[in-house]
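Peer 1: These protein sequence lines are chains A and B, in that order. Oh and the first sequence: position 123 is 123 in the working numbering, straight run, nothing missing. Oh and the second sequence: position 133 is 133 in the working numbering, straight run, nothing missing.
No lab work stands behind these hints: they were computed from the structure. Please note that the accuracy of each hint is not assured.
[Claimed, not checked] To give a feel for the contact side, a few chain B residues facing chain A, derived at Cβ under 10 Å: (1) Gly54; (2) Ala57; (3) Leu87; (4) Val95.
By construction, the Cβ of each residue, glycine as well, lies at the ideal position given by its N, Cα and C atoms.
Chain residues, written in single-letter form:
Number of protein chains: 2
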Amino acid sequence: MRNILLDLEYDGTDFWGSQIQVRGRTVQGELEKALGQLTQQKTRVLLAGRTDQGVHARGQRANFYTASTLSLTTFVRGLNALLDPDLAVLQAQEVPESFHARFDARRRTYRYTVYNVAIRSPLARRYAWHLSTALDVAAMAAALQMLLGEHDFAAFAASGPDRTGRTTVRRIEQVRCWSEGHWIYFQITANAFLRRMVRNLVGQLVLLGQGRCDEASFRTIWQGLDRSQAGPPAPPQGLCLLRVEYEDIER
Amino acid sequence: MRNILLDLEYDGTDFWGSQIQVRGRTVQGELEKALGQLTQQKTRVLLAGRTDQGVHARGQRANFYTASTLSLTTFVRGLNALLDPDLAVLQAQEVPESFHARFDARRRTYRYTVYNVAIRSPLARRYAWHLSTALDVAAMAAALQMLLGEHDFAAFAASGPDRTGRTTVRRIEQVRCWSEGHWIYFQITANAFLRRMVRNLVGQLVLLGQGRCDEASFRTIWQGLDRSQAGPPAPPQGLCLLRVEYEDIER
Chain A
1 MRNILLDLEY
11 DGTDFWGSQI
21 QVRGRTVQGE
31 LEKALGQLTQ
41 QKTRVLLAGR
51 TDQGVHARGQ
61 RANFYTASTL
71 SLTTFVRGLN
81 ALLDPDLAVL
91 QAQEVPESFH
101 ARFDARRRTY
111 RYTVYNVAIR
121 SPLARRYAWH
131 LSTALDVAAM
141 AAALQMLLGE
151 HDFAAFAASG
161 PDRTGRTTVR
171 RIEQVRCWSE
181 GHWIYFQITA
191 NAFLRRMVRN
201 LVGQLVLLGQ
211 GRCDEASFRT
221 IWQGLDRSQA
231 GPPAPPQGLC
241 LLRVEYEDIE
251 R
Chain B
1 MRNILLDLEY
11 DGTDFWGSQI
21 QVRGRTVQGE
31 LEKALGQLTQ
41 QKTRVLLAGR
51 TDQGVHARGQ
61 RANFYTASTL
71 SLTTFVRGLN
81 ALLDPDLAVL
91 QAQEVPESFH
101 ARFDARRRTY
111 RYTVYNVAIR
121 SPLARRYAWH
131 LSTALDVAAM
141 AAALQMLLGE
151 HDFAAFAASG
161 PDRTGRTTVR
171 RIEQVRCWSE
181 GHWIYFQITA
191 NAFLRRMVRN
201 LVGQLVLLGQ
211 GRCDEASFRT
221 IWQGLDRSQA
231 GPPAPPQGLC
241 LLRVEYEDIE
251 R
């Protein structure tokens, strides 16, 4: 069987997330449907990272096994012709049969975008979180910097049923928080992320940037490992999965 | 009566254009409805420029007369609370009673955005025209430069019934065509524009950038003043009204 890796871009606004579900339109569901039409074979797609409802991606990746002999170019063109305008395949490449888009991913990078000015923007609203009071970017950047390295991020995991036995330790490798005009960006690279970790982190960083939490409390909340002590998550539309990286695969 | 000038931003995707119509949601219609709710008085809104269905604006302007004593801040906040997320009031100011947003406008600036790379982009699709074959930006910039000054632009007017007696002469004051990565921008400032002029111009410039028309034919089409000789208009989602300027009003 051939194993093919796809690079994907999508506007998450009208998806019920990336992973297939019983009801609701999903990235995986749309891809599997289009691959079924193209190859005339039932095909399962393995996504590198899970994105929640409303979260976007510029560099999501996914692999699938196929007996089809279609060329890579035909896969890209054919899928893009079949998929709706809010989902596109940017690239396709052959990978070894043992390759798994999720298990083999070594690094993921997310960017969160805030639009920080008094009045909301109709043209920014789909891809940014509007906050009207001025945020302290330097304070947020300093707090973000603290998170570098391998730590337990249970305080920023999704709330919900406890998943006994699963580690909540992750390794954050790069962080950056900066502003350009009215825009503020948070960019985080880690080996992997807990579900809703970036949105929970940004939610708490924004409380800090608004002066509603200081760096000591930020550290206490984080090190307390208790999700219920942290603030509400940032909304999904500001989040975008920028990149998923592998060791042995060239982009 | 007070006369109030508003600065507006909108995402044109879900509007049937700016001007009120018998049916369909319009920028003017939504503003008049919100002003009616806020002031409890029937209020007419005068827009500076007409934008067609699907065209966006970052700097549209409009004035209205009112007997209301609400403060300018209350107008901005109240309207933004009543308007849908795709339309916002950025600023409000008092202007002399004789001021008219359309008749007094001295200069309008439009920007057209092209996304020029092989594969379509789900995240760019609402605000750019995707063209997959590489365009010659220098050739398009040179042709655009020719249009500077006062000329008859009948060749780039909207097709449709002839409007006898109306001049098709306009004065183009500034032009710029440049690329940034995969993006190509066309920016044009003129005293006024004919209906659909920017989209028709960009449509013809793109034919030139694709090598399907040379500079001499571009000039012949333009100087022939015959709309039927020019190519199809560029699609609306790439167009944005950036600015409307007045002589005596400070922004």
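Peer 1: All hints, please: hold or fail.
Peer 2: To see whether the hints hold, each was checked on the structure:
1. Gly54: violated (13 Å)
2. Ala57: holds (9 Å)
3. Leu87: It holds, given that the least Cβ distance between Leu87 (chain B) and chain A is near 6 Å, below 10 Å.
4. Val95: With a minimum Cβ separation of about 20 Å from chain A (threshold 10 Å), the hint on Val95 (chain B) is violated.
Checked against the numbered hints given earlier, this structure breaks hints 1, 4; the rest are met.
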